[in-house]
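Participant: Protein sequences appear in the order of chains A and B. All residue numbers for the first sequence refer to our numbering, where the first residue is 1 and numbers rise by one. All residue numbers for the second sequence refer to our numbering, where the first residue is 116 and numbers rise by one.
Keep in mind the hints are simulated off the structure, nothing from the lab. Incorrect hints may have been included.
[To be verified] Ranges between beta-carbon positions, derived for each pair: (1) B/Gln123 / A/Ser113: 26 to 32 Å; (2) A/Pro61 / B/Ser157: 29 to 35 Å; (3) A/Asn59 / B/Glu144: 18 to 24 Å; (4) B/Ser145 / A/Lys52: 30 to 36 Å; (5) B/Asp146 / A/Arg67: 40 to 46 Å; (6) A/Asn77 / B/Glu130: 42 to 48 Å; (7) B/Gln198 / A/Gly3: 41 to 47 Å; (8) A/Gln41 / B/Ser127: 16 to 22 Å; (9) A/Asn77 / B/Met126: 34 to 40 Å; (10) B/Ser157 / A/Ile12: 19 to 25 Å.
If you're wondering where the values come from, they're calculated on a predicted model, not measured in any experiment. Ideal Cβ placement from N, Cα and C applies to all residues, glycine included.
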Amino acid sequence: DAGVTQSPTHLIKTRGQHVTLRCSPISGHKSVSWYQQVLGQGPQFIFQYYEKEERGRGNFPDRFSARQFPNYSSELNVNALLLGDSALYLCASSLGQGNRNQPQHFGDGTRLSIL
Amino acid sequence: AQTVTQSQPEMSVQEAETVTLSCTYDTSESDYYLFWYKQPPSRQMILVIRQEAYKQQNATENRFSVNFQKAAKSFSLKISDSQLGDAAMYFCAYRRGFQGAQKLVFGQGTRLTINP
Numbered sequence: 001d002a003g004v005t006q007s008p009t010h011l012i013k014t015r016g017q018h019v020t021l022r023c024s025p026i027s028g029h030k031s032v033s034w035y036q037q038v039l040g041q042g043p044q045f046i047f048q049y050y051e052k053e054e055r056g057r058g059n060f061p062d063r064f065s066a067r068q069f070p071n072y073s074s075e076l077n078v079n080a081l082l083l084g085d086s087a088l089y090l091c092a093s094s095l096g097q098g099n100r101n102q103p104q105h106f107g108d109g110t111r112l113s114i115l
Numbered sequence: 116a117q118t119v120t121q122s123q124p125e126m127s128v129q130e131a132e133t134v135t136l137s138c139t140y141d142t143s144e145s146d147y148y149l150f151w152y153k154q155p156p157s158r159q160m161i162l163v164i165r166q167e168a169y170k171q172q173n174a175t176e177n178r179f180s181v182n183f184q185k186a187a188k189s190f191s192l193k194i195s196d197s198q199l200g201d202a203a204m205y206f207c208a209y210r211r212g213f214q215g216a217q218k219l220v221f222g223q224g225t226r227l228t229i230n231p
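Required output: the full structure, derived from the provided sequences and hints.
Facilitator: Laid out in structure tokens, this is it:
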């Protein structure tokens, strides 16, 4: 079975641009979470989506938004890119909210570089 | 707010030896999970081991085991018989225990080097 897949693998943008990152969860997983990992630090929680609804939001500005589609895939959008948005963006999926004892499975991430 | 602290930015160990990575956390809740994740240069975050706060018995997964001290809010990872493939960044993480909780709070990470 395929794991969590993210696209693109690597992306280069300039300040002020907009970016869309994509994530496909493991088959059967209904919950998707997004994390930002700045170089040399641990991942920081951005969003969680379950059944197409936002279920959690981290301490990120409104320039960051996301959505989940009927097939449970998800997009993370970032507007007005800043140099500080350069990071590895990780997507994680899990079964959902009916099972408390469930791990999250991570994708390989999208490396976003802002010039 | 919950916080996770890993005080060892880097550790190294000889192949086949044992190494312990430290993690402390702060929370006012009694129902939670603790995790150790491994992140090799390939970038994918891989779950190594997890511990439910209500279980007193320390979790074990093959060569990996934890020392969970709930009162001290300490959660260390012991890797026995270290192998070259264990070289990676290791992250300690916390998650609340209620149904639907998905947010992981990560520590800063410990870079583990295995010397042949």
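Participant: If a hint holds in the structure, say so; if it doesn't, say that too.
Facilitator: The hints, checked one at a time:
The hinted window of 26 to 32 Å between B/Gln123 and A/Ser113 holds, with their beta carbons roughly 29 Å apart. The beta-carbon spacing between A/Pro61 and B/Ser157, approximately 30 Å, falls within the hinted interval of 29 to 35 Å. Here the CB-CB span from A/Asn59 to B/Glu144 is close to 19 Å, well matched to the stated 18 to 24 Å. Taking the beta carbon of each, B/Ser145 and A/Lys52 are about 32 Å apart, inside 30 to 36 Å as hinted.
The beta-carbon spacing between B/Asp146 and A/Arg67, approximately 30 Å, falls outside the hinted interval of 40 to 46 Å. Checked against the hint of 42 to 48 Å, the pair A/Asn77 and B/Glu130 passes, with Cβ atoms roughly 45 Å apart. The supplied range of 41 to 47 Å is broken by B/Gln198 and A/Gly3, whose beta-carbon atoms lie about 23 Å from each other. The given range of 16 to 22 Å is respected by A/Gln41 and B/Ser127, whose C-beta atoms sit roughly 21 Å from each other.
The beta-carbon spacing between A/Asn77 and B/Met126, approximately 38 Å, falls within the hinted interval of 34 to 40 Å. Between B/Ser157 and A/Ile12 the beta carbon distance is about 20 Å. The supplied range of 19 to 25 Å therefore holds.
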